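Line by line, the protein sequences are chains S and L.
Mapped onto our numbering, the consecutive letters of the first sequence carry residue numbers 3 to 111.
Mapped onto our numbering, the consecutive letters of the second sequence carry residue numbers 3 to 116.
You may find that some hints are simply not true.
Straight-line Cα separation of at most 25 Å, PhoX-like style, residue types lysine-lysine; simulated pairs [unchecked claim]:
| id | chain 1 | residue 1 | chain 2 | residue 2 |
| --- | --- | --- | --- | --- |
| 1 | L | 13 | L | 80 |
| 2 | S | 58 | S | 69 |
| 3 | L | 19 | S | 69 |
| 4 | L | 80 | L | 19 |
| 5 | L | 80 | L | 17 |
| 6 | L | 13 | S | 44 |
These are computed hints drawn from the structure, not numbers from a lab.
Please read all numbers here as calculations on a predicted model, not as lab measurements.
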Amino acid sequence: QKEVEQNSGPLSVPEGAIASLNCTYSDRGSQSFFWYRQYSGKSPELIMFIYSNGDKEDGRFTAQLNKASQYVSLLIRDSQPSDSATYLCAVTGIEKLTFGTGTRLTIIP
Amino acid sequence: GAGVSQTPSNKVTEKGKYVELRCDPISGHTALYWYRQSLGQGPEFLIYFQGTGAADDSGLPNDRFFAVRPEGSVSTLKIQRTERGDSAVYLCASSPGPGGEEQFFGPGTRLTVL
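The following block holds chain S by itself, in its conformation from the complex:
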């Protein structure tokens, strides 16, 4: 079992709709959870982080964490073509990040 699992996609979402990205992790000791966005040929860019169970909202983005289910998700409201990218889920216990393989999201105009 991979430590961090994501559906690789591609996930296609119409412009203006909600994109839902999911991630599960295996290490119950994980403390911090991150979502990075990566455009093709570019480095990962941090967009959200969450430490506690529940929801955390930042603009059009909402991160959701359920430690009991070892599940973290990212919702993108009012999806824009500029949101088309690969979204990487990452978790950490203390220091190093463990990444999933990423979900490729395409927003269809």
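Chain S is already provided as a structure; the job is to place chain L on it using the hints.
Same frame as chain S, now just chain L:
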């Protein structure tokens, strides 16, 4: 500087050669990380520095890989006797401190071993 910088942006070398990749973290960030990303994969952890010391080098694939951070700022990743399988994008990240804080990535160095 404003962000993490890495040089060179691209490096092409021949099998068996030695390469050095440089990372300059965000000013004041004490933690520095090296990751490697292959096509279609997420970044894979290599090594973590807190200050000058390597706090965790468990991700280094073998003894051909070595990294230093002698003054607690700039770090150099060194790869000896490069192999074609070393071809990847090498990413450096920094964070203000340890303990799971947000990490900010540099633009990466694309290494190609012919």
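Hint check:
Between the alpha carbons of residue 13 of chain L and residue 80 of chain L the distance comes to roughly 13 Å, so the proposed pair stays at or under 25 Å and holds. For the hint linking residue 58 of chain S to residue 69 of chain S, the alpha-carbon distance of about 14 Å falls within 25 Å, and the restraint holds. With a C-alpha separation of about 46 Å, the suggested pair residue 19 of chain L and residue 69 of chain S falls outside the 25 Å cut-off, and the hint is violated. Restraint check for residue 80 of chain L and residue 19 of chain L: satisfied, since their Cα atoms lie roughly 11 Å apart, inside the 25 Å limit.
Our distance criterion of 25 Å between C-alpha atoms is met by residue 80 of chain L and residue 17 of chain L, whose separation comes to about 14 Å. As the CA atoms of residue 13 of chain L and residue 44 of chain S are separated by approximately 16 Å, the hinted pair is consistent with the 25 Å bound.
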